[in-house]
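Use these hints to put chains B, C, D, E, F, G and H onto chain A, whose structure you have.
8 protein chains.
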Amino acid sequence: MIWTVYLSGEIHTDWREQIEAGAEAAGLPVEFTAPVTNHAASDAAGDMLGKPDVAFWRDHQSSKVNSIRTKTMLEQCDLAVIRFGDKYKQWNAAFDAGFCAAMGTPYITLHNDDIVHPLKEVDSAAMAWAQTPEQVVEVLKYVTATG
Amino acid sequence: MIWTVYLSGEIHTDWREQIEAGAEAAGLPVEFTAPVTNHAASDAAGDMLGKPDVAFWRDHQSSKVNSIRTKTMLEQCDLAVIRFGDKYKQWNAAFDAGFCAAMGTPYITLHNDDIVHPLKEVDSAAMAWAQTPEQVVEVLKYVTATG
Amino acid sequence: MIWTVYLSGEIHTDWREQIEAGAEAAGLPVEFTAPVTNHAASDAAGDMLGKPDVAFWRDHQSSKVNSIRTKTMLEQCDLAVIRFGDKYKQWNAAFDAGFCAAMGTPYITLHNDDIVHPLKEVDSAAMAWAQTPEQVVEVLKYVTATG
Amino acid sequence: MIWTVYLSGEIHTDWREQIEAGAEAAGLPVEFTAPVTNHAASDAAGDMLGKPDVAFWRDHQSSKVNSIRTKTMLEQCDLAVIRFGDKYKQWNAAFDAGFCAAMGTPYITLHNDDIVHPLKEVDSAAMAWAQTPEQVVEVLKYVTATG
Amino acid sequence: MIWTVYLSGEIHTDWREQIEAGAEAAGLPVEFTAPVTNHAASDAAGDMLGKPDVAFWRDHQSSKVNSIRTKTMLEQCDLAVIRFGDKYKQWNAAFDAGFCAAMGTPYITLHNDDIVHPLKEVDSAAMAWAQTPEQVVEVLKYVTATG
Amino acid sequence: MIWTVYLSGEIHTDWREQIEAGAEAAGLPVEFTAPVTNHAASDAAGDMLGKPDVAFWRDHQSSKVNSIRTKTMLEQCDLAVIRFGDKYKQWNAAFDAGFCAAMGTPYITLHNDDIVHPLKEVDSAAMAWAQTPEQVVEVLKYVTATG
Amino acid sequence: MIWTVYLSGEIHTDWREQIEAGAEAAGLPVEFTAPVTNHAASDAAGDMLGKPDVAFWRDHQSSKVNSIRTKTMLEQCDLAVIRFGDKYKQWNAAFDAGFCAAMGTPYITLHNDDIVHPLKEVDSAAMAWAQTPEQVVEVLKYVTATG
Amino acid sequence: MIWTVYLSGEIHTDWREQIEAGAEAAGLPVEFTAPVTNHAASDAAGDMLGKPDVAFWRDHQSSKVNSIRTKTMLEQCDLAVIRFGDKYKQWNAAFDAGFCAAMGTPYITLHNDDIVHPLKEVDSAAMAWAQTPEQVVEVLKYVTATG
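Chains as they are written, first to last, in numbering that gives the first Met the number 0: chain A, 0 to 146; chain B, 0 to 146; chain C, 0 to 146; chain D, 0 to 146; chain E, 0 to 146; chain F, 0 to 146; chain G, 0 to 146; chain H, 0 to 146.
Chain A on its own, in the form it takes in the complex:
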């Protein structure tokens, strides 16, 4: 089988590229999906429909357009990797984790040791906690091994 892996969360470092490169180097049977990771484009996702003056409604409209992509990809993936970085609130990453938990979709969290405590609910429903993209690639190797 080909595994579809959704890469959720932080968009300011190259962790996605590292995982994709590692998977490709190992020849893993994996296809990756992800949200639109261009921050400005994501914030403006709904502007083609008319840009609301009020910030709340502009965010609302853009988030709904983004969710067409993200919710569909989350529902269709076999596994999600959810990254929490050093900056920003990243509530959308935790939201995706809760979505996976309710769907029964397994997910791996990827974050440093210093935020273990505030992420305890998110981690306890995860199937694994990784600290580096290399570890994620190792998990993918193991999980997708053929024969």
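These aren't lab readings, by the way, just hints derived from the structure by calculation.
Accuracy of the hints is not assured; some may be wrong.
What the hints assert, rightly or not - Output of the computed footprint for chain B on chain A, the stretches with three or more beta carbons under 8 Å from beta carbons of chain B:
#1 1 to 11
#2 51 to 60
Unchecked claim - Below, computed lysine-lysine pairings styled on DSSO-like, alpha-carbon distance capped at 30 Å:
#3 B/Lys-70 x G/Lys-86
#4 G/Lys-140 x G/Lys-70
#5 C/Lys-140 x E/Lys-70
#6 D/Lys-70 x F/Lys-140
#7 D/Lys-50 x D/Lys-70
#8 H/Lys-140 x G/Lys-86
#9 E/Lys-70 x C/Lys-86
#10 A/Lys-50 x C/Lys-88
As the structure is a computational prediction, the values presented were derived from the model and not from experiment.
Backbone N, C-alpha and C define an ideal beta-carbon position, used for all residues, glycine too.
Below, chains B, C, D, E, F, G and H without anything else, positioned relative to chain A:
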């Protein structure tokens, strides 16, 4: 019908008590559920099973025990109110929101205006955004009106 | 068993009251639920959260608050009666019918003979088409008969 | 991934062709499905089984045959676009919207500004409201972007 | 817990009354539901909506009205008992069995030894095959035993 | 899309071959699945596991082996055609219809006019009733039409 | 809320009574359900339907009758406690754990330290591992605390 | 159709290879999936994430990593074969059986005659009990026969 409303999120202010008092004063047909809101007790929720030396596993064990309560109550509620306060990461609150979204359970977010942008994904899947407990009570009055 | 029957659709005539009176007169084991049927109140359902200047977003906000009530009641009812009257577009009534069809919830349509053709998709997924509230009461009598 | 997009609703203008042409011109990874859009053929969909004399039953029989196609396509699509035009009741379009809402399938509404108010329930459960086929194509571009 | 047991199938002998009497005599925590068992009333279930001239459509209309009751009760029961008698085709009984099988609702078949072979698919998905109402009561005693 | 159509029911006439030939002649995008239609082989489906002496258990064992095939194919089809012939009880056909009804899978019944009344429950949950294989092919043509 | 807790597994020691006594002493809002725990009665659960000569089919018939009770109670409980003792294979206990895992029902395992390794798959999907009935009672106290 | 068959359970004999060879020799339309069957590798499945000192948590971490693979494959298979051998507790095999039962996924058990009684709950929810890999291949031949 009696509505079961789960009150998720921040545990350091009295927003739950305000909503409960408002609902009681109005005689609303509502029953409230909530996580254990004693911070220390929640962190120690699994210690009766043997307290692990490693912080990650202690958190893991406690979070799973907490989830027996929180996941069950989330699944059984008709509506959730999810509060984001001024402090802490509150990823568990965003996790609960994602869980509700996947379950199709309606939820109301309760937070100040200054965190509208980082909460845009959480808010766009919500049925309402309130800024005060009084507004939540007003929504409950409207939603549960009989005749 | 007590049957929960949701009364969806037109809010400008007294068809709900007729059905409720008929059911009460017959002593049927039925509890009725319904949306908020005060038109102005329904349009203003979200105004307590701050009334948006743009009509689309005011409607959006109010409709979401209304949906907390209507979606929950639709999901929890055993049977829905969906009324199409002479005036207005009544797309929300057809929306509720589609919602029931997807949920597998049986529903009865209530409308005059002259709109049979445009309602053919809605009617073909219904369990019955009634032309008068009296007929609905007769169906309820039959369906809920005990022994 | 290839996105399957169901085009529901109005059958008297060429909005479907415009969206399909736009998607093809942009090389989007999208496959479109749709109901039978020939009005006469759709009304006669069940006549091969024997044409009932009574209009209600002819409509009933044809609508059920149509629903084999439409319900299956709706259930299998990743996204629906639902068009409300200037004429006719179009209750079947609203019915499809309600069906999507209950299934958790995202949908985009496509209609003019003058029917925003009667469509408020349908729009509030949608992921986007577009006023032109070009806007729908823009949303599809954004949502299906690869890398 | 109180068990809800749906009694499906043959309506020309008193097997339902025997089971109900046996359960009452034993004081079992069981509530019984059943279709309308008056044959003429069942055939005329939809006539209050206008009696179609064509037999197929009269049957169609009445069966749909009946299904409001039977499908709801089947979906809500904890256990079904499905009786096949000596006469008639009783395809509705086999239909109910298939419905239960797809829902994961356990059912007991009740029929004589001479129709074991044609009922093999129905029986193989059942949790038990009984030949007499007394045996059904014995199963109910065992299944609902408290402490 | 390619439609998967399951052909359930009677195994003593060539109705399946007629439908398959008609679909092939019309170049329809349809793939057919079916139970094992060799009567003797079907009755002996479980004998390779050891043939039980008691007829009931031999039937039981064979029916369960058959159900691996039939239940899987039913769950995975887009549409079922369910045939009731002149002979035998054919409770398994009615069972399959009930299974489809509970799954929300559309099905077409195929039977003569003389058994309309005993099949009324099965027909009322069907999307169409056909009397000849040619009519089924016509429905398939309409339903699967592309553009 | 009243919590329904299913007590699955070993039937040769008084662990159920200890948990029930502890919950009663603490006044917990808990109702317990359990399989029939009389070993001989459980083995003979289907004998009232005719005792098969072949051991496999007698076991088969009795297990199906037992499953009417156990599957229903498992599906309806809020939480399961699954006990693995010192003797016997106890595959039914592990079967119940897998059933809970697939249903999303939280469960607590109860077993000694010396079988941690062979139970690792069962434990990793559990919400807690307890070694004594007293610990289970402590978890129940925490989980069901009101206010 | 191509059948996906998951081979669960005992990892110390070559039963998987026998079934795969038999299926290949017969040219069956079957694809096999399986857990990682290297015992040491399976026990160390989570060690790349940091090997916990406490045996329970090492098992816990490894089992969760394994479950990413096994739960996904179980959910996606059409049929499972679950093998119980002569050694070890094999609670994970029974766990998988319970998981299948709750999912409605058909499974075949494969074990010797001497453990029929302790496996009665597992066998009664199975679609077949085989004693040899050859019998499993025969069932696969029958179930997947084309035309």
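Hints and how they fare:
| no. | hint | verdict |
| --- | --- | --- |
| 1 | 1 to 11 | violated (count 0) |
| 2 | 51 to 60 | holds (count 4) |
| 3 | B/Lys-70 x G/Lys-86 | violated, 33 Å |
| 4 | G/Lys-140 x G/Lys-70 | holds, 26 Å |
| 5 | C/Lys-140 x E/Lys-70 | holds, 16 Å |
| 6 | D/Lys-70 x F/Lys-140 | holds, 16 Å |
| 7 | D/Lys-50 x D/Lys-70 | holds, 23 Å |
| 8 | H/Lys-140 x G/Lys-86 | violated, 39 Å |
| 9 | E/Lys-70 x C/Lys-86 | violated, 34 Å |
| 10 | A/Lys-50 x C/Lys-88 | holds, 28 Å |
Going through the hint list in order, the structure does not satisfy hints 1, 3, 8, 9.
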